[in-house]
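Asks: Sequence:
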Amino acid sequence: MALNEAHKARIIGHMNKDHAKELTQYLRAFNGLSSSAARGAQLTEMTLDAMTIDSASGTHTVAITPPLGSAADVRVRLVDMSQRAQQQLGLSDIQISTFTPPQGGGIISFLGVSLYVFCAATLARVQPDTAVWGVLDAAFPYGAAGYKWLVKTIFLPVFMIHVTEAWWMARTRLTKHGIEVGSTLWFLWVANTFVEGWPAIARFDGLVDVDKKKKESAKH
-19 MALNEAHKAR IIGHMNKDHA KELTQYLRAF NGLSSSAARG AQLTEMTLDA MTIDSASGTH
41 TVAITPPLGS AADVRVRLVD MSQRAQQQLG LSDIQISTFT PPQGGGIISF LGVSLYVFCA
101 ATLARVQPDT AVWGVLDAAF PYGAAGYKWL VKTIFLPVFM IHVTEAWWMA RTRLTKHGIE
161 VGSTLWFLWV ANTFVEGWPA IARFDGLVDV DKKKKESAKH
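Those letters in the sequence shown? Residues -19 to 200, per the numbering used here, in order.
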């Protein structure tokens, strides 16, 4: 028994509109495509035992396992395949699609690191016999020379700590929760974590916890 053409058209339209991410995951998990090769996934055809999906790398056939008995099986089978794909790819069923700016202590951290970046970027302008040298000599502990020494000394530790935090965010959270590497959302979280540090990671975890609680509440 083939799928009814009108019903099939509705399924294809729904999947392309609301579940493009799942189509990408099917290609990655079941056909072994890379994230870049699976990008832009669109369902173009569907039978009881296979889906035809176009992506950035061409046209691919994804087997529906086990095959559908009828159109009534579509939703259950595709949800099951989505769960299996996520498990195989090490992804969470909690998908984050938003960015939130620094809050609370995160604002202080963001501003503090931004101030240090400004100090490091303008350090070459701090020279003897300049107005800024005179201000720092009068106001900064150990004077302008102490200021220059401090900014230079902590540069590498600050840089390495914040690179590590940004890497850790991308490595353990962003991809796991459905944020595609290289996307605008990915860059927003990585760049913000690089500047803000751990508060950004804690804020992201908070978004995950909120969605998790919503899913748990929906089960009851």
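Everything labelled a hint here was simulated from the structure, so no lab data went into it. Check each hint, because a few of them may be wrong.
Unchecked claim - EDC-like, lysine to aspartate or glutamate: derived pairs with alpha carbons at most 16 Å apart: (1) 199 <-> 73; (2) 128 <-> 145; (3) 195 <-> 73; (4) -12 <-> 53; (5) 194 <-> 73; (6) 195 <-> 160; (7) 1 <-> 53; (8) -3 <-> 25; (9) 156 <-> 2; (10) 199 <-> 160; (11) 1 <-> 60; (12) 156 <-> 73; (13) 1 <-> 29; (14) 1 <-> 160; (15) 156 <-> 191; (16) 128 <-> 109; (17) 193 <-> 117; (18) 156 <-> 185; (19) -3 <-> 53.
Asks: Each hint: holds or not?
Replies: Here is what the structure says about each hint:
Distance check on the hinted pair: residue 199 and residue 73 sit about 14 Å apart at the alpha-carbon level, within 16 Å; holds. Proposed proximity of residue 128 and residue 145 is contradicted: the alpha carbons are some 26 Å apart, above 16 Å. Of the pairs offered as hints, the one joining residue 195 and residue 73 holds, with about 10 Å between alpha carbons and a cut-off of 16 Å not exceeded. In summary, the hint linking residue -12 to residue 53 is supported, as the alpha carbons are separated by about 12 Å, within the 16 Å threshold.
A distance of roughly 12 Å separates the Cα atoms of residue 194 and residue 73; the hinted pair therefore holds under the 16 Å criterion. For the proposed pair residue 195 and residue 160, the alpha carbon gap of about 22 Å is over 16 Å, so the pair is violated. Our distance criterion of 16 Å between C-alpha atoms is broken by residue 1 and residue 53, whose separation comes to about 21 Å. Only pairs whose Cα atoms come within 16 Å are accepted, and residue -3 paired with residue 25 is accepted, the gap being roughly 15 Å.
Taken as a hint, the residue 156 and residue 2 pair is honoured in the structure, with Cα atoms around 13 Å apart against an allowance of 16 Å. Proposed proximity of residue 199 and residue 160 is contradicted: the alpha carbons are some 28 Å apart, above 16 Å. The suggested pairing of residue 1 with residue 60 holds, with an alpha-carbon distance near 15 Å, which does not exceed 16 Å. Note on residue 156 and residue 73: the hinted pairing holds, with a Cα-Cα distance of about 9 Å set against a maximum of 16 Å.
Proposed proximity of residue 1 and residue 29 is contradicted: the alpha carbons are some 21 Å apart, above 16 Å. Between residue 1 and residue 160 the CA atoms are separated by roughly 9 Å; this keeps the pair inside 16 Å, and the hint holds. Taken as a hint, the residue 156 and residue 191 pair is honoured in the structure, with Cα atoms around 14 Å apart against an allowance of 16 Å. At most 16 Å may separate the alpha-carbon atoms for a hinted pair to count; residue 128 and residue 109 meet this at roughly 15 Å.
Restraint check for residue 193 and residue 117: the C-alpha separation of about 54 Å exceeds 16 Å, so the hint is violated. With a C-alpha separation of about 12 Å, the suggested pairing of residue 156 with residue 185 holds against the 16 Å cut-off. Simply put, residue -3 and residue 53 have alpha-carbon atoms about 20 Å apart, too far for the 16 Å limit, and the pair is violated.
Violated hints, in rising order: 2, 6, 7, 10, 13, 17, 19; the structure is consistent with all others.
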